[in-house]
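Which chain is which? The protein sequence lines are H and U, in order. First residue of the first sequence? That's 1 in this note's numbering, and the numbers climb one at a time after it. First residue of the second sequence? That's 1001 in this note's numbering, and the numbers climb one at a time after it.
Keep in mind the hints are simulated off the structure, nothing from the lab. Any given hint might turn out to be false.
Unchecked claim - DSS-like mimics (lysine-lysine), calculated; alpha carbons at most 25 Å apart, straight line: (1) U:1245 <-> H:60; (2) U:1255 <-> H:37; (3) H:16 <-> U:1114; (4) H:16 <-> U:1127; (5) H:27 <-> U:1245; (6) U:1014 <-> H:60; (7) H:27 <-> U:1127; (8) U:1255 <-> U:1014; (9) U:1114 <-> H:60; (10) U:1243 <-> H:59.
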Amino acid sequence: MCLAIPARIVELDGDKAVVDAMGNRWKAKTTLLPEAKLGDLVLIHAGFAISLVDEEEAKKTWQLIAEISEFQDTSNKVSG
Amino acid sequence: MKQNTRNMLDRIYKAQNLMDAACEALGRQINIMEVCGTHTVSIFRNGIRSILPKNLKLLSGPGCPVCVTDQGYIDTVLQLADRDDCLIATYGDMIRVPGKDRSLETKQAKANVKVVLSSEDALQLAKDNTEKIVVFVAVGFETTAPATAVVVREAAAGSIDNFCILSGHKLVVPAMRALLSGKNHNINAFLCPGHVSVIIGYGAFAEIVEDFGRPCVVAGFEPVQIIEGLCEICRQLSAGKAKLKSIYSAVVTEKGNTAAQQTIDECFEPVDGYWRGLGKIEKSTLKLRDKYSRFDAFERFNITETPGEERKGCRCGEVLCGLIEPPECGLFGQNCTPQEPVGPCMVSSEGACAAWFKYGQEKRRKR
């Protein structure tokens, strides 16, 4: 449940963002990470950006997630 | 072979060799507890247990939010789901946890239980269903709590009065303290959670190292990081040291996400709370502060949280404390399976019992 997913902020209006991970796009908020900017890579958990993350770390995590067959459903998943 | 794959394998072999040497030098059984469901799953999925030295045992501790949630809380959610004026908004895995005589899944047929992916979705549900009181089943550790806090603030600002939360949010460090304060524990060190630490910072575990003399190492979720984390712990133990260390520097800092911490602190206060297996732990559960009490489902429906009884034969509590391994439970694999779970550790995909059931069979046969 505490797994966060790296994604890139592709739209940002105030604290409302649209994020992208491997072509999956969904809505998220940057309320908890006020310094986040358009184009930043962030960790998303339960619909919120919680940390900045570098490109290399994000790629490693995406590779890991890609192994999980159900990735289509995990864009914003927080299943326990 | 790609260069980075080769580098990763080199790191794994190096850590494995160092870990083997440290454990051989120790010459006694050591137990390391992971306190994160995602670590548990990664350890099993990647077969990490199969490469560990013989005298090193991993214990899956109270790191899965669904698993640590007390039965009394589950039964409260089910009672609220019975009310025609309520709409229950919950993260997916909670719906299959059995209560006294049923689970939310059976209630879902009544269409008053909705699975949400975020706290924002739960608030939106309240905006879209003004004739109902939307109760958000707010479980999870420090990673998840700030997301709940934000929507409570939004509900207050927008006067969305048909929204409330049943806070079962838990704090990791008080649980670790409780485990180490128990008489029968056998924990030599902790592999600390990665994404909880993004929020609270690795510095939060300093008190465990100082007060209990147990090594605490924060690691990410890749196999190489987990093995390096375990290696670091073994080397500390072998050198007779207990230190705090993070090897997840890509996202974890000493102080953590202060904006998220302030958000939690502004909305919640830590109170005594019940945990499955661990009982009542001082200042371990987050309760909404008085100024937000109208969004507190406990207040709104006048519910007093009482500890629930575990279902007959279920030993999830002992599993969560690292006192037994799942196959030692009489129900495991026979009367309790992921298809027909009795306890939450078999329900949640991150539960120790579910991981043992899914990945542990082969290894047990070899023993």
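Here is what the structure says about each hint:
no. : hint              : in the structure
1   : U:1245 <-> H:60   : holds (22 Å)
2   : U:1255 <-> H:37   : holds (21 Å)
3   : H:16 <-> U:1114   : holds (23 Å)
4   : H:16 <-> U:1127   : holds (18 Å)
5   : H:27 <-> U:1245   : violated (34 Å)
6   : U:1014 <-> H:60   : holds (20 Å)
7   : H:27 <-> U:1127   : holds (17 Å)
8   : U:1255 <-> U:1014 : violated (30 Å)
9   : U:1114 <-> H:60   : violated (33 Å)
10  : U:1243 <-> H:59   : violated (30 Å)
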